[in-house]
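Participant: Residue numbers (the working numbering), protein chains in the order written: chain A, 1 to 117; chain B, 1 to 373.
Among the hints, a few may not be true.
Below, computed lysine-lysine pairings styled on DSBU-like, alpha-carbon distance capped at 30 Å [said to hold, decoys possible]:
id: 1; chain 1: A; residue 1: Lys43; chain 2: A; residue 2: Lys26
id: 2; chain 1: A; residue 1: Lys4; chain 2: A; residue 2: Lys82
id: 3; chain 1: A; residue 1: Lys26; chain 2: A; residue 2: Lys4
id: 4; chain 1: A; residue 1: Lys34; chain 2: B; residue 2: Lys141
id: 5; chain 1: B; residue 1: Lys141; chain 2: A; residue 2: Lys82
id: 6; chain 1: A; residue 1: Lys34; chain 2: B; residue 2: Lys2
id: 7; chain 1: A; residue 1: Lys82; chain 2: A; residue 2: Lys34
id: 8; chain 1: B; residue 1: Lys75; chain 2: B; residue 2: Lys2
id: 9; chain 1: B; residue 1: Lys75; chain 2: A; residue 2: Lys4
id: 10; chain 1: B; residue 1: Lys141; chain 2: A; residue 2: Lys26
id: 11; chain 1: A; residue 1: Lys26; chain 2: A; residue 2: Lys82
id: 12; chain 1: B; residue 1: Lys75; chain 2: A; residue 2: Lys43
id: 13; chain 1: A; residue 1: Lys4; chain 2: B; residue 2: Lys2
id: 14; chain 1: A; residue 1: Lys82; chain 2: A; residue 2: Lys43
Read the hints as simulated data drawn from the structure, not as lab findings.
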Amino acid sequence: MQAKPSSYLPLTEPTFYILLSLAPGKKHGYAILKDVETLSNGKVRLSTSTLYGALGRLLDQGLIERVPNDEEENTGPGLPRKAYILSEIGRRVLEAETDRLQSLVAVAHLRLGEEHT
Amino acid sequence: MKRSVQILAQMYTRLLSLYPQQYRAEYGEELQAVFSLLVNEAAQRGRFSVIRLGWREMRDMPGAVIREHRRERRKRKMETRTSILSTFEPGSWREWLAAMTLFLLLALGSLLSYLHITLPLWLNWGLFLVPLLMFALGLIKGLPRWFLPYTGVIGVPLSWALTTRGTIMGINTRGGVVGSLLRWTDRQFFALLRPSASDPWIVRAVYGAGELWLVLLGIAAFTVLIVAACRPLRPFYLRLRDDWTLLSFGLYGAMVMAVLMAFDDYPHPHKQLYIFVASLILVAGAWVYLRSAHLWQRALALFGGITLSMAVAATGRAILYANPLLWPPAARGYTWQSEALCTVFLWGWLVAVVMTPALLALLPRPDKSLQAG
C-alpha cells in the first residue's frame, strides 16, 4: 500500500517543478532540466547533480518511474537512454500539492484583499 | 572554446567518480549525457554561459556527493538490518525455516516425548533456548517477518505474569515492586471482570479460556503503540500498517503455548501425539501464510492453522478424558464433553485475538477509495 499523497507534502520547489514537468508525459533528464527552466521563467535552473538527486529520491518514493527512452522525438545521439514518467501516486501528490498551494494563495488573497478595503 | 568544453566535460567525468559506485552505475551515463548536452548548448551561447554552468555544477556537486553517499549507506543499512525481504526472500526456504523452527521444535519435542526418548539435559536446555536465540537474532536483524511468531510466544509468559495470581515456575509474580503493580492491576481491572465461584460453570469456563489471550492482545496493541511512537522503529510500524496480518502472524506464534496449555493438566504421554499433529498443522498454516500473496489468503492460512490445530486438541482432550484406562472415572471432575467444549472456547478466543489485526488488514483502505475517486 502506498502512503497517502498528503504525507509527501509540502514539496520543495525543484521537486514540484520536476513532477510538473513530467505531468504531460515521459521525459529524459535533459528535457526535464529545460522544462523546469521554462516553467519557472528561468528562476529555477537545476544542476545535473540536483536533478538526479531529486530523481533518485522520487524513484525511491515511488512518485516517478524510470523507463527506456525509446520515443522517436526523444532519441538521438548523445541523448540519455533512460526517461522518467509520473506514477499514479506521483500524479496524486502533484495534484495534492497544487491544491495546497492554491488554498494558500486563496487565503493570502482574501486576507490581503481585506487589508486593502 | 571547443577545447575548454572538452576539458570541462572531462573534468565532470572525473568528478563523477566521487559518487558512490552503485549510484555511478545507475546514473553515471545519464549524468554525462545531460551534462554534455548542457555544456554544448552553453558553448553556443558564449563563454559566460559556460562559466555559469560550470559554477552551478561545482557549487551543487559536493552537497550531492555527500547526500548520495549517505543515502547509499542508509540503503545498505536497511538491506542488512531492517529489510526482511532482502535477507530472506518472501517464501524462500531460509525464511520458512527461520519461522518454522518455533513450530518444528514443538513437533520435535512432542514426538521425542511420545517415543520416550530422553535427551541429555544440556540438549534439552539448548532446544529451550532456541526460541529465545531466534528472538534475539530477529531483534538484531531488524524485526524480519520470520521473527514475528517468536514475539507471540514470548508474549505469553508476559500475559501470564499479568494474569496469574501466584507463582510461575517457582517465581513469585506478586513480590517486589512489579508484584505490587500487578496486584494493583489485578484489583483495579481483572477482579472486576473475573467471574466468581458462584457464577455458572459456562461463564467461568468462557472467561477462564480467554483472559490470558485477551491480555496478550492488549500487550500486542501496547507494543504497536510503542513501535509507532519510537522513531527508529517507525519503518516496522509502517510495514505493520501496510499489512496488519503481520501482527496476526506474530500472535500466531502464541499458538505453540496454546496447544501446550490445552493439554496442561493431562498427565498421559498419549497427549504428545495430539500435540505433535497440532504442531504440524501450525507449521502448515505458517507455511501457507509465508507463501501467500494476497491478504485474504494470509488471513485464511492463520485461521485454518488455529482452527485445525484446536480441533485436534479438542478431539484429543475428549478421547483421552473419556478413556477409562487413561483417566479413571473416579478421578474425573468434569466430562469429556466439557473438556472438548473448553477447547472450543479456547479456539474462539484465539481466533478473536489472532485474527483481529488480520481483519483490520481486510478492511477497505481509505487510499483505495481515493484511487477510485
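Participant: Output the numbers, in ascending order, of every earlier hint that fails for this structure.
Facilitator: Of the numbered hints given earlier, those the structure breaks are 4, 5, 8, 10, 12, 13, listed in rising order.
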